[in-house]
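Enquirer: Going line by line, the protein sequences match chains L and G. No gaps in the numbering here: position 216 of the first sequence is 216 in the numbering used here, and each next residue is one more. Converting from the second sequence to the numbering used here requires adding 231 to each position, the first position being numbered 1.
Take the hints with a grain of salt, since some may be wrong.
[Stated by the list, open to error] Taking lysine-lysine pairs in the DSS-like style, the calculated list, with each CA pair at most 25 Å apart, reads:
id	chain 1	residue 1	chain 2	residue 2
1	G	K349	L	K141
2	G	K307	L	K141
3	L	K141	G	K291
4	L	K125	G	K364
5	L	K125	G	K265
6	L	K14	L	K167
Treat the hints as calculated values from the structure; they're not laboratory data.
Spelled out, the chains give:
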Amino acid sequence: MSFDLNLILDSLPKMLAGFGVTLQLLVVSGLLGLILAILLLLMRLSGKFYLDWVAQVYIYIFRGTPILVQIFIIYYGLPQFEAVRDSVFWSILREPTGCAILALTLNTGAYVSEILRGGVLGVDKGLLEAGSALGMSARQKFIYITTPLATRLALPAYSNDVISLLKSTALASTITITDMTGIARTIVADTYAPYEVFISLAIVYMIFTFGIQKLFGVFERYLGRYARREE
Amino acid sequence: MTDDNSRPLIQMVKVDKFFGSFQALRNIDLEVQKGERIVICGPSGSGKSTLIRCINRLEKHNAGEIIIDGIELTDKVEDIDAVRREVGMVFQNFNLFPHMTIVKNLMIAQQLVRKTSKDESRKLAMRYLERVKIPEQADKYPIQLSGGQQQRVAIARALCMEPEIILFDEPTSALDPEMINEVLDVMVDLAKEGMTMICVTHEMGFARSVADRIIFMDEGEIVEQAEPAAFFDNPKSERTRAFLDQILSH
Ligand SMILES: Nc1ncnc2c1ncn2[C@@H]1O[C@H](COP(=O)(O)OP(=O)(O)OP(=O)(O)O)[C@@H](O)[C@H]1O
Ligand SMILES: [Mg+2]
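So that you can see chain G by itself, here it is in the shape it has in the complex (with noise of 0.2 Å):
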């Protein structure tokens, strides 16, 4: 399947998603190729973490059609663990386990889902724990590591279920300001890598350097998509200049 290069990695045809009578995402058209690397941002409610959540399965959508590698998203539970062996996602809030440690962390899903060995996912647990440079907070439990740490931990627990595709929800958000670098260097590190991304994050900096495509949304809609150059000093729509505006002037 993962073989026909032409075919997207994650297509989106015409997604709408309601909750009850509200309509979160509208008509949503989206393609994303293997190795692409995208930034979504938006204001306050546009449905950025509906679209995100709704390609693995958070969320369920109610119209369109959303196929990632081939595999069609519907209620069939079989299709949906296919897809989420796929994709992994880190959280605004980290959302690690607080009552495992962090290795076990990292393990958990490994051993249940994947089902290495426990000598296997550990192994696998401390290269990525290397990865993100905290290999020695392997035996503390969440609350004893700082919140950029923390994220960092998570970023590598998605990473060990060796996904084809990484879904950031505002990543660094919910970061003191200190602590955001360190977490956008192992993401971008990722970036060079060629792995998969879509990033919810306002990060601009970042969405500049890394981003293949920046998508704006509006209201439940992609209102404009472009690359980093062309979105940032030719902006096509009022909304994503009235919205630019404001970010970039603080």
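So here's chain L without its partners, still in its complex pose (with noise of 0.2 Å):
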């Protein structure tokens, strides 16, 4: 088998053209995502147990299934309901891309209010009684000593995530979106030529996670600066 080196310099600046595509994924159903986990943790420490149930089945729900089966069902099973095409969301459930953003940013929102409250039970609760001794309220204990604390301690988990929903934008290409993966299959079914076609496309994810850990590094320094002895 012959390695065509000259089709990887070919197809690489295509592939990067739908680099712009797989970052608005990510970024955008990241952010979301963060949101909507931040609203799942609160319900679920909310102490209301209705609020805290409909969180845990939702998450169950979520975490039980492949994204990819997500995506189909967003994708493909949404618009059948003539409810859904009357609605508001009906400009952005009709296109591919409104449909892997919702997909992947419900998904990512279950995982990460899991590492959230990971990070919340892990501040000490010595602090928390401290605070309270010192008159603080609830509201301001939640904002003033966990949110920054369990922050820090849910940073590399967090990491890991954003690591992995940048993988799950990969998914968004079965249904017609031209993000990276998209264009390379594209050119695979032009080329015939998977191997290096996608090679060259794992290396591309590859350098795009080393850039996604090296940011996170600098930030969980910058949250850990306080964990260090030495200055």
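Reassemble the complex: the two chains are provided individually, in unrelated frames, and hints are given to aid placement.
Expert: Put into structure tokens, the structure is as follows:
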């Protein structure tokens, strides 16, 4: 078997043209997912059993099913309902990109809320007692003690989730989206050279992942500045 | 309210506390006058921490009454807040906020709870840091300080709220021996200034020289209370004697 270097040099710029779409899927669903995750977290911590229960069921469903299936249900399934087609969301849901972002958001939100909850549970109870003893309200303790410390605790697991979200965006190519993977599949269909094309695609994702890791590394060091003895 | 001199600052009447079916406090009656210095001692698990944590409602008692400076502790949030404004607490593990600098640790509750301005709270924070003799550590993070320094910061943090009463829960027992005295010195100074203090501690030297009254607890009960001289030299109860023998033997 031969390995065609020219083909790689040829297809790399084409795939990189899809970088914008991949980045958009990642950033938009990452941010919306984070907001959703915080809502779910607050529901779980609300102390109201019905809110907690709804959040738990939601998390169970979205963690318990493959994201590809979730994308298909949203893309192929939702338009069958007239109510969906008549709703204000139709302008988003008729577009494959809207469906992909929705699916990725709903999925990552479920995972991230559990990651954040782990961070919240990891905060030393003694610090909250100190806050109470100083007269701080539950809200003040949550904002000034729990949130910053839980963020720091959750960050490593969160950065992992962002990386796996990046890789999940590749699934968007199954519903006609021309992200990097979508473009790679078109090139393969034209050239019959899956080996070269997919290997270069894999390398592009690896470089992207490396960048995300570095970025979170900087963030972790910043948030962890108080946890180091030497300065 | 505070002008009424005859009424004790802390009044506990027939207080019971349960954790599930386990009874941690039994029929506690305790009165503490303004300016009194109380030391509580007793074996592990005897309910010392639970008792003082009931005073600022870190634990909720199940029966009896707790009245702090005329305010009865109930589920009413305003009353709990009012009591917590009068009662400071120092913990065994310091419990400084690790993500805030030392001075910020001292400012945060002033700003949030007492609504003091940033400048005012910084000024007061620096004043109390000077009192515990570590103003030069103001901009460090807690982890950069020794245990003794951290505990002094924790005392300063409680003082910044200008409480009527300070509760100490074994403030020196997490410290290396060479750091115990620097913390006890600060506590002795506080006692001299007339602060009302309740200290759970096994530092019997401190108890003897500072306490007005020593309370011995065992199995959730106050077994005996007396002035230091009487307590050490002439304990009435067999349980107190056994306890003293044990801790004074080493
Ligand atoms: N949150 C809790 N849940 C269940 N049991 C508890 C809880 N807190 C304390 N206890 C129990 O109540 C009893 C009294 O505890 P407490 O902490 O008041 O003892 P202590 O006298 O302070 O002991 P030590 O010297 O070890 O600090 C112990 O048997 C303890 O196991
Ligand atoms: Mg204790």
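Enquirer: Check each numbered hint from earlier against the structure, then list the numbers of those it violates in ascending order.
Expert: 4, 5
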